[in-house]
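Student: Protein sequences, first through last, are from chains A and B. For the first sequence, position 288 matches number 288 in UniProt numbering, and the numbering has no gaps at all. For the second sequence, position 5 matches number 5 in UniProt numbering, and the numbering has no gaps at all.
Please note that the accuracy of each hint is not assured.
Which stretches of chain A does chain B cover? Using the computed rule of at least three CB atoms under 8 Å from a CB of chain B, they are [what the hints assert, rightly or not]: (1) 51 to 57; (2) 66 to 80; (3) 267 to 275.
It is worth saying that the hints were derived from the structure and are not from the lab. C-beta: ideal position from N, C-alpha, C; glycine also.
Chain by chain, the residues:
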Amino acid sequence: MSRTLISHAQLQRGRGRAVYWALLAVVVTAFTLVFLGPLYWMVTGALKSGREIAQIPPTLFPRDPEFGNYVDAWTQLNLGKLLFNTFYYAAGAVLFQLVLDTAAAYALSKLRPVLGNVILGAMLATLMIPAMVLIVPQYQTVISLPLLDISLIDSPFAIWLPTVANAFNIFLLKRFFDSIPEEIMAAALMDGASPLRTLRSILLPMSRPILGVVSIFAMTAVWKDFLWPLLVMPHPQTRTVSVGIYAFAGGTPQNVVVAASVIAAAPTVVLFLIFQRNIMSGLTTGGLKG
Amino acid sequence: MATITAPAPARRTAHPRPATTRRRRKIQDNLTGHAFLIGAVGCFALFMWYPMIRGVVMSFQHSRRGVTSWVGWDNYIRIVNDPSFWTAWRNTFHFTGLALVLGFVLPFVVAILLNEFRHAKGYLRVLVYLPVMLPPASALYLFKYYAYDPSEAGLFNALLRAAHLPTSEWMQSPTMTMPAMVIASTWMNMGGAVLIYLAALQNIPGDLYEAAELDGAGLVKRIWHVTIPQTRLILALLAMTQIVATMQLFIEPLILANGAGTQDSATSVAYLIYQHGFFQNDLNGAAALGVIMLVVLGAFSAVYLRLSTRQDR
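So that you can see chain B by itself, here it is in the shape it has in the complex:
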């Protein structure tokens, strides 16, 4: 982290001034400072801080025809008793788990590989990051119509057939829906993680590898005992941000699976929030679901941070 608390700027005044003038000067300086802040602070207040509180308040209220009343835990009870609730959580965890296996390990391996090359480095980096720049909707229509076409006219099935492997129904098969969404999502998003790992790998002092090699450590041992410990902090941080991001799975089911998917195999918690809030006219229920999501992710982050910092000591 950068230094957030730095010493106050050195102010050199030609002559010492009386205390009242100095105080007035100080108030003036503070007012100027806050004047520069007011625009951004206003936007944060309006679109971040206030909605945060309002979301919690809304989850305990019920609004009908402009009349708002307090209803205690009613919204939560209704949401939890919705059969889709548990399906959505199961799907979301399933996605997060698969995305972690594929989307967390792969970028690290790719970064280690790219870091060893002395040629074509710029080209490979541009390639990996290119999908990140596509609007997700564009990339997902590509996958939906051209890659995951259930007939053998689709790209993936054509490749599978050329390799004499069994083809798949992709989004029309309840079991393949999740892996298909994870593949598309990883392809779209892994570039960011690769670049961050690459930057971290470049900061590892070369002497460490040199010393490990002199001690007779082979390639795998060098990765295990030098590369991973040296990048552990960033690995831990990215694992957390990735889990938080994948738990908010939304656009993949919306576009690839038309929302719920075959036999509800794609419904995610975020999609359920969207459904309740904007289709079932149940903004209060959606707010309650949002609070549940916040609590789950907050608890996860707290436990995770606790565990990963404990290892540091």
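Chain A on its own, in the form it takes in the complex:
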């Protein structure tokens, strides 16, 4: 490992070593408090009764933990249905992106048809447009698709199709495909493999890591999104979990709302803890290096 700001030797000598360990202890404690603390507060707060949560000063541990708030959240907010909806939209978004964005990245990286670079440029240009600017015309488009005059309101396609227009993921995939040597492609072509066959049997098996990263990004993006599902999924039966909590927050006890928030956050947190290595490497290598 190459040296950083402070040399390795300096950290191993008497005083440097003491300072290093002291600082490490302070940082680990502070980070645990700052980043895990609020989550602990959230999970245990929702275990407290309405009276205990209003108590001054607040209690560190719930006095007699009750799961009533979680049960209420689950039944009153119809969380099962909301979680299912969100999962359904997220899974569909992953599928649509894996098929259409992978195909597009493959074409842009390996097949390179005429105007391919113009198309790539037009896609990348959308990264510069703030999402809020497009929200109104996008909503208008979903209300009535041009030429077809179909409304996608309350249809999962209103979430699935716009997620395909993700220049960042196409760029990630294209960069990965670019790194696959041309010789392999040429060899497949010599053997008479069609472009689809080459993609399926050669490129995709080699691209598993990046496909995993794109899937996770697609999934969490849908899970975290708020304004778009709020607009295009207005019916209580089609809502996502974040929107459902927001819709109920006004007339529901605070502890129940927080309990519902904990349940809504659990899937992404678990996903992150399982795949943290892939997520982090995807973020840093795909993000800005190079």
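Given the coordinates of chain A, assemble chain B onto it according to the supplied hints.
Tutor: Okay, now just chain B, sitting in the frame of chain A:
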């Protein structure tokens, strides 16, 4: 950037073919290529490129009972004369400025610190990134109900009281609304920037620090003369993306402040777009506001890029 224009794939044909066959082959190849692109291009066209144009068109139109007419700058005039317009811009700039002070400097400092540790690195990285994975609505209800509770039952007030500091009304105080939103937003979002900085720091060659140290540069000087110049490009890029992101402030006021906040202290431009478009039945006005936002952010980005690339030369 990756190579966007790379040489065409080497095609080895066993026998030279007549020109017509080769041309037909080329057309065939192009058609195949476009067939692979069509799905994604269709989605971009429908949900990105077309709405972009439509937004601009809508901002010059007026629709009532299905009849659409051109109205010139009317929507813009109406939007600018709305008293909330200037409040919203002031609040948005206020948020962006505060978020830059806290949310831009902090991740860099944290990344420098984490990069020096040889232990617990993975654990600390997971911790910093964990809030990024929470749905923003979930995290914001945590802040709203448990952290920013104006009584002393709230987490922040309890901590302040334990430290013998004056407590705050948080979201119910017009002056604390912005800082409270910035704290919540930074907590939720800083993980991404920390990871990107960490990757950039790991790319700094160790020899540079070695040489600086031999020249007698202390810790601060090494940060100033090695770390910052070496990561300047990424710092500049992230500063820009962060400004563009924070200018679109929306969910924080919506959930923490119920939209406008105490005495309009939370109204943001994005929230105003939402209000006009979906509550005041004024989609054309919302489109005009969107175009104004695009122009402001576009002008900012252009000036910013110009300045930061000029320094490169």
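Student: Examine the stretch 51 to 57 of chain A for residues whose CB is less than 8 Å from any CB of chain B, and state whether their number is three or more.
Tutor: holds (count 5)
Student: Does the stretch 66 to 80 of chain A contain three or more residues whose Cβ lies closer than 8 Å to a Cβ of chain B?
Tutor: Three-residue rule not met by the stretch 66 to 80 of chain A, so violated; n is 0.
Student: Count residues of the stretch 267 to 275 of chain A with a Cβ under 8 Å from any Cβ of chain B, then say if the count reaches three.
Tutor: holds (count 5)
The structure is inconsistent with hint 2 alone, although it conforms to all the rest.
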